[in-house]
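These protein sequence lines map, in sequence, to chains A and B. Numbered according to our numbering, the first sequence terminates at residue 234, and the numbering increases by one at each position without gaps. Numbered according to our numbering, the second sequence terminates at residue 1110, and the numbering increases by one at each position without gaps.
Mixed in with the good hints there might be a few duds.
As the list claims (entries may be wrong) - Examples of chain A residues lying across from chain B (beta carbon under 10 Å, computed):
1) P33
2) T35
3) P38
4) K39
5) R40
6) G52
7) A55
8) L56
9) V93
What the hints assert, rightly or not - Straight-line C-alpha distance at most 25 Å; calculated DSS-like pairs for lysine-lysine:
10) K1044(B) to K104(A)
11) K122(A) to K162(A)
12) K107(A) to K1082(B)
I should point out that these hints are in silico values taken from the structure, not numbers from a laboratory. Note that the coordinates shown come from a computational prediction; the quantities given were computed from them, not determined experimentally. Heads up, the beta-carbon is just placed ideally off N, CA and C, and yes, glycines get one too.
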Amino acid sequence: MPPEEEPFPAIVCEGDTDRTVLEGLAAKGVLRPTTIYPKRGERGGLTEQVKGIRALVNFGARGLIVARDLDEAPDGPALLRRLAHDLGAEAKVTSEQPPLLEFKGCKVALVPQGLPGDALMKKYSVARHAIDDFLLRLLEQSVGERPRLFSDEAARDRAFYKLGEVRELMVRQDYKVNKSKQLVFLLKAMGGYAVSDAMLARQLVEGTSEQTLRLVFKPLTDDVNASLQVLGCS
Amino acid sequence: MQAREPNPSLTKTGNMGSVPLLPETAHHCRAQADITRWIVRAAKERNLQVLATTHSLETVDHFLAACSEHSVEFGLHHTELKDGVLTCRGVGRNDARVLMDMGVDPRCAA
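Start from the sequences, fold in the hints, and give me the full structure.
So this is what it looks like as structure tokens:
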């Protein structure tokens, strides 16, 4: 017997960490449950994302949500133009706000991932925004929740203070530290927490209360909900 | 376990006849792989077009692999009867590979 039809429209993200976060949010009821691709780990990155969008559209998709990190463009409209460029001449931008394009008869809504303008990102000079911005925010916000990188607020404050120092040292040595992914990595190292980014993301989302998740991920969930509306899913 | 070669009479249909194929029925998945590889090889040797229907993702995967191995064209088509209307949508080998690698279930993906 064929399986039941999947929830529609699907979200196509860039890779493991993004998918893990979005699936975790859906499992917690923070995000409307939907299908998130790629489901398997081996396909990641922008090139593979574009291939995946093309294949889904060629297979008959009429509405898709594409989640992309803001690291390749300064804002949503620029990211939308970049996506249209990546998809080729058949992609036409139909709206910048909400970010929407049409590709071979399929409506593609874009969800830009990242927290530009966030005080924590500014404090640590994060310039290339991504899903990891939310993880950094979550680490700063979810004291005492699992995984216990920081046992209490004092430990958290010390770790973030040291993070600033290490970042400064690295910048002085001409290392470019402008992504939250790098900062999360440093925090993992400082806390002796040896897991992959995707695993940390999963544990963080699973271990954080729904209330905190709703607060931290509000910009992302608002964008996903706006995309669902524009694709006709109320 | 190795799958046995199908009945030799089935291989003598030339390029005119049709061959009923049930590669997914009650076979171990490794045997399915052997059978699909044999089907694709035989089709290539005889310049045949093969139409196979399946509800099995593994069978789709095996056909994709066998067609790639033998450089044979492959099309993945999904047919659906809804409200009395039969619709069909399909993709070629490259898109089918991408969909399968992404974890898309072509039986239900919109």
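How about V93(A): closest beta carbon in chain B under 10 Å, or not? 23 Å, violated
Per the CB criterion, is L56(A) less than 10 Å away from chain B? 7 Å, holds
Interface hint status, G52(A) versus chain B (Cβ within 10 Å): Where the cut-off is 10 Å and the nearest Cβ of chain B is about 5 Å from G52(A), the hint holds.
What's the verdict on K122(A) and K162(A), does the C-alpha distance respect the 25 Å limit or exceed it? Holds. K122(A) to K162(A) sits at ~17 Å (cutoff 25 Å).
With chain B as the partner, please determine if T35(A) meets the hint condition of a C-beta pair closer than 10 Å. 7 Å, holds
Just to be careful: measuring from the Cβ of P38(A) to every Cβ in chain B, is the smallest value less than 10 Å? At 4 Å from the nearest chain B Cβ, P38(A) passes the 10 Å test, so the hint holds.
Straight-line alpha-carbon gap K107(A) to K1082(B), limit 25 Å: 23 Å, holds
Does the closest beta carbon of chain B sit nearer than 10 Å to the beta carbon of A55(A)? With a closest approach of 4 Å, the A55(A) hint holds.
Hint check: 10 Å Cβ-Cβ cutoff, R40(A) to chain B: Nearest chain B Cβ about 5 Å off; hint holds.
Cut-off 10 Å, beta-carbon criterion: hint that P33(A) touches chain B: This interface hint is violated because 15 Å lies over the 10 Å limit.
Taking only the CA atoms, is the gap from K1044(B) to K104(A) under or equal to 25 Å? Distance ~33 Å between K1044(B) and K104(A) Cα, so the pair is violated.
Taking the closest Cβ pair, is K39(A) under 10 Å from chain B? 3 Å, holds
Violated hints, listed in ascending order, are 1, 9 and 10; each of the other numbered hints is respected by the structure.
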